[in-house]
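Chains as they are written, first to last, in the working numbering: chain R, -14 to 262; chain D, 27 to 303.
No lab work stands behind these hints: they were computed from the structure.
Predicted model, so just to flag it, every value in this text is computed and none were measured.
Yeah, the Cβ is synthetic: ideal placement off N, Cα and C, and Gly gets one too.
Careful, some of the hints might be misleading.
To be verified - Some chain R residues near chain D, calculated using beta-carbon distances under 8 Å: (1) 48; (2) 86; (3) 105; (4) 107.
Residue-level listing of the chains:
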Amino acid sequence: MTTEGARLLSEIVVRDLTQAWRTRGKPALLALDRVGCRFPAGKVTSIIGPSGCGKTTLLLMIRGLLTPTSGTITFRYAGHDGPVDGLVDGPAASMATVWQGFNLLPWRTVLGNVTLGLELKGTSRKLCHEAARRALAAVDLSGFEDKYPRQLSGGMRQRVGLARALVQDPDVLLLDEPFGALDAQTRLLLQEQLAGLVETTRKTVILVTHSIEEAILLGDRVLVMTARPGRIALELAVTLERPRRMELTHTPAFGEIFDAIYGRLKSEVERSMVLAS
Amino acid sequence: MDGKATTAVPPVELQAPPAAPARSWRAMLLAPELSGWAAVLVVVAAWEAGVRLGKVSPLYLPGPLETGGALYDLFATGHLMADTAVTLTRIFGGFLVAAVTGVGLGIWMGASPRVQAICDIMIAALYPLPKVTLIPLLVIWLGQGELFQLTISWLGAVFPIVINTVLGVRQCDPGLILALRDLNASPRQIQWKLVLPSSIPHLLAGLKLGLGVSIILVVAGEMVAGKSGLGARLYLSGQILQTDQVFAILVLLAIIGIVITKGGDLLDRVGSRWSAD
């Protein structure tokens, strides 16, 4: 569903995006340096890079939660006379984010957390609850509506985070290291579950991750970023068939893509370690 | 080794746990949850014994039994009930006004750096100032009536409430603010749905502290300038050497203190549960 009429997102284009943090008395710290990339609609694009390379910064700017120092982000729509640019005051697509730290409100129940976005829009209580229950069912959390986040495991909390995003039915789903805070087994399980959800909804997804497997398993495309200041070092298409299961990670085709990403990432991580020391 | 382990822990014993042992009087008195009251009992007993054995004049130190008697007489004939009501009304009247104004100002300060800057220095100047030093000035301005009493009560409570509310508002998790902005919450919605509820534990702590200071100041105000209330009655009894009545009123104030402090502890517990992650 698009927010206004039949406007259909076709792609998000990022051009020359730069973020520099200025602190008094110090040279500006360049987080992102003229990043250019595109995110086709209906596809999953994974972004991977060494720690501190500005992946999350890029995601926040696309979401409109952080103003870039320079550069543009354009949301292009099909079915219009021309592309509509939307960085500062143009129309942005409807988006929802899943956060690494879950960011659930501790005093609200699971249901209350999922309905929050709709409540803020002024949706009626009944519709809020119906939609939230459907979203919770989609992430296998039916029956946990009245629990509080503190009563849930990390994996369940992140499924609440996912339901909170899905219930908004956004054009674009932004995932900021969504499984970074989870243990390895939970992570595997949720990756598969998310892969399934992504395949059925065909949403535009931007996934920021530290895990090469995750980037490949979920992504239609993978962007590898350089160490700070972040740039796009490598862009590759993942043509592996869907649905994708964990077993895919043992196939030669997967291994080839893995090696290509790892080769590039390794040198960047080494570079970022030199920079840090 | 296996055999030894099973004999050491016979399953029969596990299935039939021994009935709760009947606790002796001594054990009950020493139980942590009751030892506070037990200590009070010991002190009171020592007090009575000391007064009797030492043949202390009741003019200097009446025993607990005599104090209890005086307290009974004061309630029965001396209209102490009316004085208690007057004092409690002053405490809670000023406190309620302080709760509304203090929480309101605290939220405003937390939300606006300008308001914060305006109020900060004034609060820093007035907060550490012992409020009893303001009593002479307040009497000159407001007289010795109820307006004076409510003002002194308000003055005592408002600073801890403002300071703790600001603290609570400031400590709002930035990740949660991002999450709400991601859900398209307006700044006003962020205040009401996030900042205010997340400040509740600090806010309750501030209310608890404020109420404590209110009690002190109202009684002090009554002693210096009141014609009614427990403080005035206490002062009057001292003036005419009715030591047993002085003690009776002190005991009553202590009981009120216990009730209010325990109520405050309850608020703290509610607060910590509210935001438990």
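Q: Kindly indicate which numbered hints from before are broken by the structure, ordering the numbers from low to high.
A: When the structure is compared with the hints, only number 4 turns out to be violated.
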